[in-house]
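Participant: With these hints in hand, go ahead and build the complete structure from the sequences.
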Amino acid sequence: MSKAASHIAFVSSDTADAKTALESLSARYGQSSVEEAEIVVALGGDGFLLQTLRDTMGTGKKVYGMNRGTIGFLMNEYRSGGLTE
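Quick note: the sequence shown uses our numbering, first residue 1, plus one each step.
FYI, nobody ran anything at the bench for these hints, they're computed from the structure. Please note that a few of the clues may not be correct.
[Stated by the list, open to error] Across the chosen pairs, the derived CB separations fall in these ranges:
{"no.": "1", "residue 1": "Asp-14", "residue 2": "Tyr-64", "range": "15 to 23 angstroms"}
{"no.": "2", "residue 1": "Gly-58", "residue 2": "Ser-24", "range": "25 to 33 angstroms"}
{"no.": "3", "residue 1": "Arg-28", "residue 2": "Gly-58", "range": "25 to 33 angstroms"}
{"no.": "4", "residue 1": "Gly-30", "residue 2": "Gly-60", "range": "31 to 39 angstroms"}
{"no.": "5", "residue 1": "Thr-84", "residue 2": "Glu-23", "range": "13 to 21 angstroms"}
{"no.": "6", "residue 1": "Ala-16", "residue 2": "Gly-58", "range": "27 to 35 angstroms"}
{"no.": "7", "residue 1": "Gly-30", "residue 2": "Tyr-78", "range": "28 to 36 angstroms"}
{"no.": "8", "residue 1": "Ser-80", "residue 2": "His-7", "range": "14 to 22 angstroms"}
{"no.": "9", "residue 1": "Ile-71", "residue 2": "Glu-36", "range": "25 to 33 angstroms"}
{"no.": "10", "residue 1": "Gly-58", "residue 2": "Ser-80", "range": "16 to 24 angstroms"}
{"no.": "11", "residue 1": "Phe-73", "residue 2": "Ser-6", "range": "25 to 33 angstroms"}
{"no.": "12", "residue 1": "Leu-53", "residue 2": "His-7", "range": "24 to 32 angstroms"}
{"no.": "13", "residue 1": "Ala-27", "residue 2": "Asn-76", "range": "28 to 36 angstroms"}
{"no.": "14", "residue 1": "Gly-81", "residue 2": "Gly-58", "range": "30 to 38 angstroms"}
Ideal Cβ positions, reconstructed from N, Cα and C, are used throughout, including at glycine.
Facilitator: Here you go:
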């Protein structure tokens with residue numbers, strides 16, 4: 001059985017959908033700083049995911065991308081539930 005993540009940092013692109021998702025997920029799960037988080041959830045498109053990966057490179061953080069942008073070939077589908085399981 002894997003341990004549920006207790007510290008999640010949500011980061012978003014500047015799109016309205018991404019910002020709305022950021023507010024919703026932060027309210028539901030809480031918000032940690034990227035420095036304190038075990039997992040970083042990137043909300044946006046493929047470009048934003050790639051930028052987030054670059055920004056966290058070398059930190060050992062896990063990054064999970066959810067599509068809230070226009071292109072999302074690299075992203076997972078957006079869902080608000082089950083993120084800590």
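Participant: Give a verdict on every hint.
Facilitator: Outcome of the hint check:
Against the hinted window of 15 to 23 angstroms, the Cβ-Cβ separation of Asp-14 and Tyr-64 comes to about 20 angstroms, which satisfies the hint. The beta-carbon spacing between Gly-58 and Ser-24, approximately 30 angstroms, falls within the hinted interval of 25 to 33 angstroms. With their beta carbons about 29 angstroms apart, Arg-28 and Gly-58 fall inside the hinted range of 25 to 33 angstroms. Judged by the Cβ atoms, the range 31 to 39 angstroms given for Gly-30 and Gly-60 is violated: they are separated by roughly 21 angstroms.
Between Thr-84 and Glu-23 the Cβ separation comes to about 18 angstroms, which falls inside the hinted range of 13 to 21 angstroms. Between Ala-16 and Gly-58 the beta carbons are some 32 angstroms apart, a value that agrees with the proposed interval 27 to 35 angstroms. As the Cβ distance of Gly-30 to Tyr-78 is approximately 19 angstroms, the hint placing it in 28 to 36 angstroms is violated. Taking 14 to 22 angstroms as the suggested C-beta distance range, the pair Ser-80 and His-7 conforms, at roughly 18 angstroms.
A beta carbon spacing of about 30 angstroms between Ile-71 and Glu-36 agrees with the range 25 to 33 angstroms that was offered as a hint. The hinted range of 16 to 24 angstroms is not satisfied by Gly-58 and Ser-80, whose Cβ atoms lie roughly 30 angstroms apart. Range check, Phe-73 to Ser-6: Cβ separation about 30 angstroms, and the 25 to 33 angstroms hint holds. Judged by the Cβ atoms, the range 24 to 32 angstroms given for Leu-53 and His-7 is violated: they are separated by roughly 19 angstroms.
At roughly 20 angstroms, the beta carbons of Ala-27 and Asn-76 sit outside the given window of 28 to 36 angstroms. Evaluation of the 30 to 38 angstroms hint for Gly-81 and Gly-58 yields a pass: the beta carbon distance comes to about 31 angstroms.
Of the numbered hints given earlier, the model fails hints 4, 7, 10, 12 and 13; all others are met.
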